[in-house]
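Undergrad: Chains A and B, in that order, are what the protein sequence lines are.
In this text, residue positions in the first sequence follow this note's numbering: the first is 1344, and each later residue adds one.
In this text, residue positions in the second sequence follow this note's numbering: the first is 1344, and each later residue adds one.
Since the list gives no way to pick out one identical chain from another, each pair is judged satisfied if it fits inside one copy or across any two copies.
Below, computed lysine to any residue pairings styled on SDA-like, alpha-carbon distance capped at 25 angstroms:
#1 1366 <-> 1455
#2 1378 <-> 1455
#3 1366 <-> 1385
#4 1366 <-> 1444
Don't read these hints as lab results, they were simulated from the structure.
For clarity, every value in this text was computed on a predicted model and none was experimentally measured.
Number of protein chains: 2
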Amino acid sequence: MTERPNGHRPTLEDVARRAGVSKSTVSRVINGEPKVRAAVADRVRQAVAALGYVPNQAARSLVTRRSNAVAVVVTEPQNRLFVDPYFDCHLRGIRQELVRRGAQPVLLFIEDPDDYPRVGTFLGGGHVDGALLFSLRTDDPLPAMVAHMDLPAVFGGRPAGGSGHRGRGYASVDADNRGGAREAVRHLVSLGRRRIGTITGPLDQTSAADRLDGYRDVLLDAPAELVAEGDFTLRGGADAMAALLDRCPDLDAVFVASDLMASGALRVLRERGRRVPEDVAVVGFDDLVAIAEATEPPLTTVRQDIEDMGRLMARLLFERASDEPASRDGRPAPSSVVTPTRLVVRASA
Amino acid sequence: MTERPNGHRPTLEDVARRAGVSKSTVSRVINGEPKVRAAVADRVRQAVAALGYVPNQAARSLVTRRSNAVAVVVTEPQNRLFVDPYFDCHLRGIRQELVRRGAQPVLLFIEDPDDYPRVGTFLGGGHVDGALLFSLRTDDPLPAMVAHMDLPAVFGGRPAGGSGHRGRGYASVDADNRGGAREAVRHLVSLGRRRIGTITGPLDQTSAADRLDGYRDVLLDAPAELVAEGDFTLRGGADAMAALLDRCPDLDAVFVASDLMASGALRVLRERGRRVPEDVAVVGFDDLVAIAEATEPPLTTVRQDIEDMGRLMARLLFERASDEPASRDGRPAPSSVVTPTRLVVRASA
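Full structure from sequences and hints, please.
TA: Structure, rendered in structure tokens:
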């Protein structure tokens, strides 16, 4: 149980005394600085826990003018997080890198248009040193909101508005969606497929639009009936697959813009008695191993390293928050990073 | 796309002009106050989004001295959230009630002992007006940390240390775990079962310990071999079921302390050729409908209204933060609420 020596709020001194180390060592451990031996750091942490010690934030802020917290803003219904391993993966990478640098991740959800001004107020209120955002829809006010704040920000995925906003500008980390889609469709062509459809994500999201562009780069003359819009959910993938089969019974391949949608599409193909890959070859996108290795047959898909993209977002944010070179007008230049994708061939195509 | 009339950071006036309403109407919508017609509120929100307007937090804080944000602290690995619908349900209730009152939920995870001081620093730094916490392990430093801060706090589940901490004290919302477990075991006894085992949660958590106490209230002389400790995961439930069957092949019933563990236990019973409920009757705990109605056979279980408990936590927090009557020493008294449970009979017992 927790012990308090004299009943007062425990101090840094109390922690140092109990752990048998100097106050500056306690400070270093608490601020997540390296160069403390693991055994010593453990003793300090045990003392912190036993005493219920809480560092004095007001005192720290005067020195650093920082909250040591970073907002992670997710524009999805909270329950999407619970069914889509994509987010789990992304957040794991982000969290790893933030915590490694001693920053507290603070998760905010936008589920509803009403949430924007409230989230904006929090972001602009000095409670966080920066923000990592996922804002992918064409009409999303987040890029403009963040551009008006003096807050370092990095977007996961390319925001729809480009980087033309006034203000601080922003960075983004995106996968090579278009290139990955091209590789997927070229693979289907190389297998001799002639009626290749695609199931897209919601086309007001840049990742979905970019993947469709990649499909069209290869199949310049693909008729509109071969394109069905999904919503990045399993059920959406199933519904779009059913629609494609109704419209084009002679379909012999489909490029599906996410693994979760692809697993829904595989279910429908099985129900309709189509063999995969013999009758219809299927390629997904993401390479979420928990899905892609579990489908029947295992899914050929385009790999993007989602966890690494999360880590990269956090790293970019710290660069922007610290000594990034300023651009001509004295503001840091927006910077965007596009990470490579590659085809992982399993059994479905 | 976002429009900015003169290139400056958009103001409350800009929003009012664009929406064709008064500044005070804009204020009311942004602060989540009721009494604005839905059509008018929609116009304001559209103007906010189109302009990328961000309310001026510094100005608001001077008036209210509040951040209008509430921390939700979850002491679980983030990926637990993605496999256990319990948390989804709890967070949904919390979020609903916070948002209804215009407060921004801010989600913090504690996955590692290193996280405590960092989370404590954030909680104590004036960034949130209160905290909702899930802290259930005996050696958890959170109750003591929060007790040292001038921060209203409500715990989900009864903290292990009781309410004896100095400082502000805290409230908690807990289900009647012991009473629910008693009802479950009495039900098994009433079915004529004679060798009734139990699979518990981790016994350093109060909810797990309370449910085991309820089991023992009814079966005073149950031998230790009938008790197997699980960890509230599906695999933990399966492993504990296998251990029980190895030790007590004549087992004819089992009370499992969570639905997720019960679904793992049912899988093992099926693999071992035991019919449910004919050979072994099974009762779970939680009534997570997504699980309990999907198991084969559907699960008889103890219902706790998890979403409502989330709402209740948020309501209690607002009461404590506002005009709760003070106790004798000038501090608000800790208050704890225990919500009722009830048995839902399906096919497994």
